[in-house]
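Could you build all of it, start to finish, from the sequences and the hints given here?
Each residue of the sequence shown is one higher than the one before, counting from 0 in numbering that gives the first Met the number 0.
I should point out that these hints are in silico values taken from the structure, not numbers from a laboratory. One or more of the hints may lead you astray.
Under the rule of at most 25 Å between Cα atoms (straight-line distance), these lysine-lysine pairs were calculated in the PhoX-like manner [what the hints assert, rightly or not]:
1) Lys9 to Lys38
2) Lys159 to Lys117
3) Lys12 to Lys137
4) Lys209 to Lys219
5) Lys42 to Lys12
6) Lys209 to Lys227
7) Lys38 to Lys159
DEER-style ranges, computed between Cβ atoms [as the list claims (entries may be wrong)]:
8) Gly184 to Lys227: 36 to 46 Å
9) Arg172 to Pro8: 47 to 57 Å
10) Arg181 to Asp114: 49 to 59 Å
11) Tyr211 to Asp246: 37 to 47 Å
12) Thr71 to Glu97: 17 to 27 Å
13) Lys137 to Ile46: 28 to 38 Å
14) Arg148 to Arg262: 25 to 35 Å
15) Asn257 to Arg181: 18 to 28 Å
16) Lys159 to Asp114: 23 to 33 Å
17) Asn257 to Trp44: 14 to 24 Å
18) Arg181 to Val106: 39 to 49 Å
19) Gly184 to Asp225: 37 to 47 Å
20) Ser180 to Thr71: 46 to 56 Å
21) Glu161 to Glu122: 30 to 40 Å
Every residue, glycine too, gets a C-beta built ideally from N, C-alpha and C.
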Amino acid sequence: MLEILFGSPKEAKWIYSIFRTLCKGYETELYLVNQQCIKIIPKSWDISLEKLVIPGLVQFVIDHKEHQIMLTLLEENYFFLEEEEQQQIIHIAQSIIEGERTEIPRVQQLLPRHDILKDALEEFLRPDLYFSFTSFQKFRLHEYTARLREYVEIAIEEYKLEQDYQNFIQSLRDFLLKRESRMDGISIVHDNGFFVYNPDKQEVSEQELKSYIDHTFVNKHPMYIDSKLLAPLVSIAPKWICLYTNDPFDGMVQTVQNVFQERVRLHNLSDFQFATHQ
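In structure tokens:
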């Protein structure tokens, strides 16, 4: 028999519901006692542990505890107190946890938190045990909390980078609003590099592009601004841009769209009909 005391009736009902779903097909007696205690009487301890108890508790922690743990870390360890910032950082952390940000090198080195929880439970659980889940979380889940802290730290770094990027984009937009267009429109071809064409369909050389750069603005800019394409584009401030690409998710393509917004018209690379670039 196994008895687990939870911190509130609400928590007990959550885990009871999870256990009821998982125990179908296994001969296990399951009881909710005094609204806060779960009593499990398995026919086979090993099978119930593997198929019911551990998966259920892992799901309970991830679905009902993880968000609050990360929120507490943000508030107490990193002093993020504004709700909007907290939610943005937790959203980034969750996307990292779910494997949506594999481009971040540190993430690939982290053991999945499912495995950490499973190992902690396997080491602790035994037959005829009565324990408080709140105490178990406090004293036995240090490694799991440490792993969440790593995810939160990475998420904070990503959040700050995104904030810097948004500030960077906004400063370029503000500059454009005051800038007089030095060319009505340009076409950009993204094909193993970026190639710029003027309204007369003539390719603009890299040297000519650089001659348009407003160096006063670039030198004052808080972030590095690409001198081959972005700095000339912003300095030219064209009224429209036709951008030909087969990769609309390319970083520079998205930056050009974010800066110039409605001035950009996106086209497939195959739509480009000017003279072939070298």
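**Agreement of Lys209 and Lys227 with the hint, judged by alpha carbon distance not exceeding 25 Å** = holds (7 Å)
**Message:** Can you tell me whether the CB distance of Arg181 to Asp114 sits inside 49 to 59 Å?
**Reply:** holds (58 Å)
**Item:** Lys159 paired with Asp114, Cβ distance criterion 23 to 33 Å
**Value:** holds (29 Å)
**Message:** With the threshold set at 25 Å, check whether the alpha-carbon distance from Lys209 to Lys219 stays at or below it.
**Reply:** holds (17 Å)
**Prompt:** Between Lys38 and Lys159, is the straight-line Cα distance small enough, at 25 Å or below?
**Reply:** violated (46 Å)
**Item:** Satisfaction of the hinted span 14 to 24 Å by the C-beta atoms belonging to Asn257 and Trp44
**Value:** At 57 Å between Cβs, range violated.
**Request:** Return holds or violated for the Cβ distance of Tyr211 and Asp246 against the range 37 to 47 Å.
**Result:** Because 25 Å falls outside the window, the suggested range is violated.
**Request:** Take a quick look at whether Lys12 and Lys137 sit within 25 Å of each other, Cα to Cα.
**Result:** holds (21 Å)
**Item:** Distance restraint evaluation - Glu161, Glu122, Cβ atoms, bounds 30 to 40 Å
**Value:** Since Glu161 and Glu122 have Cβ atoms about 38 Å apart, the given range 30 to 40 Å holds.
**Request:** Just tell me: holds or violated, for the beta carbon distance of Arg172 and Pro8 against 47 to 57 Å?
**Result:** Holds - the Cβ-Cβ distance for Arg172 and Pro8, about 52 Å, lies within 47 to 57 Å.
**Prompt:** Given the proposed pairing of Lys42 with Lys12, does the C-alpha separation stay at or below 25 Å?
**Reply:** The hint holds at about 23 Å.
**Asked** Is the hinted range of 36 to 46 Å satisfied by the C-beta distance from Gly184 to Lys227?
**Response** violated (19 Å)
The structure is inconsistent with the numbered hints 2, 7, 8, 11, 14, 17, 19, although it conforms to all the rest.
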